[in-house]
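Read top to bottom, the protein sequences are chains L and E.
All the letters of the first sequence, read from the start, carry residue numbers 0 to 374 under numbering that gives the first Met the number 0.
All the letters of the second sequence, read from the start, carry residue numbers 0 to 288 under numbering that gives the first Met the number 0.
Bear in mind the hints are in silico, worked out from the structure with no lab data behind them.
Incorrect hints may have been included.
[What the hints assert, rightly or not] No farther apart than 16 Å at their CA atoms in a straight line, the calculated lysine to aspartate or glutamate pairs in the EDC-like style are these:
(1) Lys279/L with Glu354/L
(2) Lys197/L with Asp78/E
(3) Lys102/E with Glu214/L
(4) Lys39/L with Glu283/E
(5) Lys29/E with Glu227/L
(6) Lys294/L with Glu363/L
(7) Lys39/L with Glu277/E
(8) Lys201/L with Glu239/L
(9) Lys45/E with Asp78/E
(10) Lys346/L with Glu268/L
(11) Lys29/E with Asp228/L
(12) Lys346/L with Glu363/L
(13) Lys290/L with Asp266/L
(14) Lys188/L with Asp205/L
(15) Lys120/L with Asp250/L
(16) Lys282/L with Glu260/L
(17) Lys45/E with Asp20/E
(18) Lys188/L with Asp200/L
[Said to hold, decoys possible] Label-pair restraints from in silico Cβ distances:
(19) Phe19/E with Lys236/L: 36 to 42 Å
(20) Lys287/E with Lys309/L: 49 to 55 Å
(21) Ser22/E with Asn234/L: 21 to 27 Å
(22) Arg163/E with Ala242/L: 34 to 40 Å
(23) Asp126/L with Ser22/E: 34 to 40 Å
(24) Val246/E with Met117/L: 53 to 59 Å
All C-beta atoms, glycine included, are put in the ideal place defined by N, C-alpha and C.
Now for the letters of each chain:
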Amino acid sequence: MQGNEACAEGAFYAGCRFFAGYPITPSTEVMEIAAARLPKLGGVFIQMEDEIASISAIIGGSLGGMKSMTATSGPGFSLMQEGLGFACMTEVPCVIVNVMRSGPSTGSPTGPSQSDVMQAKWGTHGDHPAIVLTPSSVQELFYETVRAFNLSEQYRMPVIILYDEIVGHMREAITLPAPGEVEVINRIKPDCPPNEYKPYDKKYGDIAPLAAYGEGYRFHVTGLYHGEDGFPTNNTKLIEETAQRLIRKVDNNRDKICKNEEFYLDDAEIGVFAYGLSAKSAKFAIKELRKQGIKAGLLRPLTIWPFPEKAVEELSKQVRAIIVPEMNLGQIVHEVERVARGRCEVKGVLRADTEPIKPAQIIESITGNGFFPSS
Amino acid sequence: MSSQTEETKPLAKKKKKVPFDYSPYIRGGKLPHIWCPGCGHGIVLKSLLRAIQTTGFPQDDIAVISGIGCSSRTPGYVDFNTLHTLHGRAIAYATGVKLAKPKLKVIVTTGDGDALAIGGNHFIHACRRNLDMVIMVYNNSIYGMTSGQSSPTTPQGMISTTGRYGSVEPTFDTCNLAKAAGATFVARGTAYHFQELEKILHEAINHKGTAVVDIIDACPTYYGRFNKYKTATEMMEKIEKEGTVSVKQAGTMSPEELEGKLLRGILHKSDRPEYLEEYNKLIERVQKK
Ligand SMILES: Cc1ncc(C[n+]2csc(CCOP(=O)(O)OP(=O)(O)O)c2C)c(N)n1
Ligand code: SF4
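Bound-form chain L, shown alone (with noise of 0.2 Å):
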């Protein structure tokens, strides 16, 4: 199965019914897959007029009640921002996949890369919070997507899944687990009388149950600051209690959220911190250099916001380099720069000609340019 087959088959697994979408190279097959099964499910799929459009519409579908998705690639992931920050601050679940393709611009459609990684973050104005999964392979799409929706619906957000076009269209054997096999978490609903309601009712802390419309619950929904009742508020105790629980509400369940998968760690001295395809290459390239005698490990994060600070801390302060394969010029790299504080040396390896990092590339980072010598 293709990678972003395997990522339309776990929406469907995690109980996804809506999906809207416009086409993009190389995010596409998501949505033609969706459009194929979607009406045997008897779910919907539309095709919108762009990707502004099938964000707003997968936002409306969750609001009326549905698990809702749409998939797309650099160009489109930027028109669909604005929308981003809207699900984000009216805390309405929703998931969104970006196949990244070199940038900026139109780049090179069908050329790998990994630069959408503080877009995914970043994108979108103002202070907000951001869960962003890579994963890297078909199977792990597979988990990953339906892992998202569960976040999105825990969490009452936005959740974003990040890969690149080798990953989308690699193809590789899976194990599809049987329904009931994987947890499937759908998001608490009210059962307060509907005259009760406040879509951010405190009273649950800094996540409130989310009706549904057309279920009996009225209720306001807005993009502008509001109060627990969802109505807008100038108020500037409120504005800013709002804009803390946001981002709170991922902050304190950092560990809940992260997922990393550690390789060969254990006595490593030289750190290898490596998302999404490039772990693929780090992998291959640890094991060269094991063989080699030195001792080389592999921190991989499935999710990279919010970003592993612990796991990176902890990695600083163990070993002597961090070395950071990505296809970009530059982006994942300062965030473990920060977070290691210069207790090891940190380097990136870089590329942006739409070719993925090799591993002979990292192990050269390694061994080669006196940087650290295989002494």
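Starting from the known structure of chain L, fit chain E with the ligands onto it as the hints suggest.
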């Protein structure tokens, strides 16, 4: 902007018999609204609420969805399923809501800038799809909320903050645009002819398919002030009363007399299949296989 003054007294005990009770539809505590004195948006809202009542749709089954602008503040004041989205995007959000909850009667309240400039693409494609919804364009020929810039319906030669020497651009006719794009119900009303507007909205709400209602409205604060209308009333009389004629009246008028006037009433109706009906047929077809 209107505001409640200290002197505002509660309604006297000897309550006058009111012909229509708006209170069930108005959200307690959410007034005063932000609209300026003399703004037509409030009158449009009044016609909408009356129309909703006459159609008999239960409150729980109505969704009112807007973009951004003065007119787009409508959903905040009314007790339905309400959604205030992004500038220009109301129709796209409404599409999602309707598809996810088909039983809802979805009503989009949008401005001329919201619907026809930034949201123009969504507008024409909604008409093309013919998904069941009502699109009410509160057409005041200007951007109200951002203080009076030109909109796609600002008549040529009229003054705005971005058309200081008279707007150079030709304008959209909302109804022609909607009809050409495929809307199956196209009508025009005004805030001045509010009873007629109520009837038009009643028909629009009962229509199955995309219904576009262009509502000629007045923004005295900006359009009126820039273009030398002395009062809100004068403005309504000149623009809405004298600037429009009903379809019926128009039949008896010569082309010269009709020059420069906009037609009011239901201008177009067709019974092309509605989007969800077609989609549900498709589901039935593929599930049989
Ligand atoms: C993306 C974006 N661009 C611009 C704005 C600023 N803006 C807010 S309301 C508005 C115009 C509203 O005019 P109209 O739709 O005609 O409604 P009215 O206020 O006249 O009722 C604009 C341009 C915005 N909120 N978002
Ligand atoms: S600015 Fe114009 S459109 Fe806005 S409320 Fe005032 S009069 Fe109405």
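Starting from Lys279/L, check that the Cα of Glu354/L is at most 16 Å away, please. holds (14 Å)
**Request:** Go ahead and decide if the range 34 to 40 Å is satisfied by the Cβ distance of Arg163/E to Ala242/L.
**Result:** holds (38 Å)
*Restraint status (C-alpha distance of Lys290/L to Asp266/L at most 16 Å)*: holds (15 Å)
I want to verify a distance hint. Is the separation of the beta carbons of Asp126/L and Ser22/E within 34 to 40 Å?
Roughly 39 Å apart at Cβ, these two residues keep to the hinted range, so it holds.
### Hint consistency between Lys282/L and Glu260/L [alpha-carbon to alpha-carbon, up to 16 Å]
holds (11 Å)
Would the hint linking Lys102/E and Glu214/L be met if the CA-CA limit is 16 Å? Within the cut-off at roughly 10 Å; holds.
*Outcome for the supplied range 36 to 42 Å, where the beta carbon pair is Phe19/E and Lys236/L*: At roughly 39 Å between Cβ atoms, Lys236/L and Phe19/E fall inside 36 to 42 Å, so the hint holds.
ask   = Keeping to a limit of 16 Å between CA atoms, is the pair of Lys45/E and Asp78/E held or broken?
value = holds (13 Å)
Check whether the Cα positions of Lys188/L and Asp205/L lie no farther apart than 16 Å. Satisfied, since the Cα-Cα distance of roughly 15 Å is no more than 16 Å.
If you draw a straight line from the CA of Lys39/L to the CA of Glu283/E, is it 16 Å or shorter? holds (8 Å)
Quick one, are Lys39/L and Glu277/E close enough, alpha carbons at most 16 Å?
-> holds (15 Å)
For this session: Compare the distance between the alpha carbons of Lys294/L and Glu363/L with 16 Å, and conclude whether the hinted pair is satisfied.
Result: holds (15 Å)
The earlier numbered hints are all upheld by this structure, with none contradicted.
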